[in-house]
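Next come the chains, spelled out residue by residue.
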Amino acid sequence: MKRNVAIIGGGQTYHAARRHDVDQGEMVNEAVRAALKDARMTMDDIDAVFLGNMEFFEGTHLTDCWLAGSAGAYGKPGMKITTGGTVGATIIGAGMHHVAAGLFDKVLCIGFEKQEEGDTGAILSGVAHPLYGRSMAGAAVGYFAMMGTSYMAAWGAKEEHAAMVAVKARQNARKNQYAHLKLDITIEDALNSRMLAYPVRMLDMCPASNGACVVILGDEKTARDRCKKPVWIRAMDTAHNEQFEIDWRNVTLTKPIFSTACAARMYKRLGVDDPKKYFDVFEIYEPATWAEMVWYEDLGLCSRGEGFKLMEEGATAIDGPIPVNPSGGVLSTNCIGASAMLRVWEAALQIRGDAGGHQVPKEVNRALATAYGGTNWTVMTALSSSTED
Amino acid sequence: MNQKNTVTEQICVPMTVDVPYRFAAGKYMARFLTELRDNGRFVGVKCPSCNRVQMPPRVVCAACHVKNDEWVELSSEGTMVGFTIMYLPLTDPTTGKPHEPPFVYGSVRLDGSDSTVEHMVNVEPDLDKIWVGMRMKVVLRDREERIGDLSDIIHFEPLPGQKRPQ
Ligand SMILES: [Zn+2]
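So the sequence lines, in the order shown, correspond to chains A and B. The opening position of the first sequence corresponds to residue 848 in my numbering, with each subsequent residue numbered one higher. The opening position of the second sequence corresponds to residue 53 in my numbering, with each subsequent residue numbered one higher.
Do not take every clue at face value.
Derived BS3-like pairs (lysine-lysine); straight-line CA-CA distance at most 25 Å [claimed, not checked]: (1) K1005/A <-> K181/B; (2) K98/B <-> K1102/A; (3) K1005/A <-> K215/B.
To be clear, the hints were calculated from the coordinates, so they are not data collected in a lab.
Using the sequences provided together with the hints, build the complete structure.
Quick look at the structure:
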């Protein structure tokens, strides 16, 4: 990187299925104000604003224009970004590149979604190719169901393992004041929840949330002058999948795909031999339980086919040796346009020691956040308390 | 303003946006769809560099960044690589009508292809009757009913005489 870039502040709204009390701009404004307060800044300090959400989810195309006022973007440089489920991280990536390049010193990154205002399933069907596969599209649930059946057939995992992920997420969410689904559930509850698409049950899926997240980035001088606990972005990378091909991560596939290719590049750049030792905490993008166990494998936290065993051992619990999603993750809160940014922000809070009730009970110096979306691509962000690694 | 007179009612306004589109299939997809419609067969393209057979056919092999121009015929039989029993009345975005639940659909790799294709499976929604690895064949509409899109496929049908692996 040409210049070091730090997260120097951030904030989020509380997340809920209903926010009839606010419109999109008012909701975004809540997170903007929280982030400015956290960074002890005003909008006058900000050089540029980057904003994004899911394309057309709220029925307006030019959200950057519509929300210019409440986003604080009026009269400032910036741009709107829409990259599907990854968007929250892509926005940070765009902001990071601008600061690293020396174009701006302080940028404000906004990810939001007011899912209740549109029809998520209908608009998501537009992700599929119009002439090939769209008749089967319309919901993420079928996609994760096929991931589940192929995962069980390949490795011998059981529905109980998915249930363990469901319980871990919602029990962690109970410690997070901002989370949407704070559920005191057991494995039996998860296994008895309504079947949506075998083997995916209600409690195996993320909720449809409303909410916004804002992260403020600064160059090294700004960060050292103005921020008590800067969290440094040490590497960001992104990789796409191939259109039409094994869209739901066929687990028996041996060729590198978006997630494994991206992780390999990141680890090489950072000199990571063993990611579970290098990083102290992980915030991953898991819209369904099965995706979490596949992530463990794709990130190299265990061998191929052993993700469910890692879950079974409790290794990824909030107080385990490899804590994954202490915030409750996407399974507990999915305001899609904000979800990937929340992964980065939650990872930063862990490094700052400011995660509150869901702070992991050990020293955290490095964290990895993943994003996931579109027709399969990822953005990964490596954070550190130091510029030395 | 007097706080007591402030309006606190929450107003939400319903609205439907109905947008028609018209998509060009393009050279590769058009050939794939006309082969399916006129001859009842599946064709793919083979990459000159990595030899991967890709379906649907496409102009570029994404992995090798080279033009695909060798066409190959694929089997109408293949292997199930993932499936689900769907209990939600999913709307078919191409017709606006719901698929009646419960129904089975899955992803099948046709013999001779490196890609998979997703479609309905003609079995009862019963885990004893569907599994990963099951052999399938494609059932098409009759020639005169085919229109040159994926709805020309009625469903996958299991090949007879298979037993669920234990
Ligand atoms: Zn190739």
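Checked hints:
For a cut-off of 25 Å, the pair hint linking K1005/A to K181/B stands: about 19 Å separates their Cα positions. Straight-line distance between C-alpha atoms of K98/B and K1102/A comes to about 18 Å, which keeps the hinted pair within the 25 Å bound. A C-alpha spacing of about 21 Å is found between K1005/A and K215/B, which places the hinted pair at or below 25 Å, so the restraint holds.
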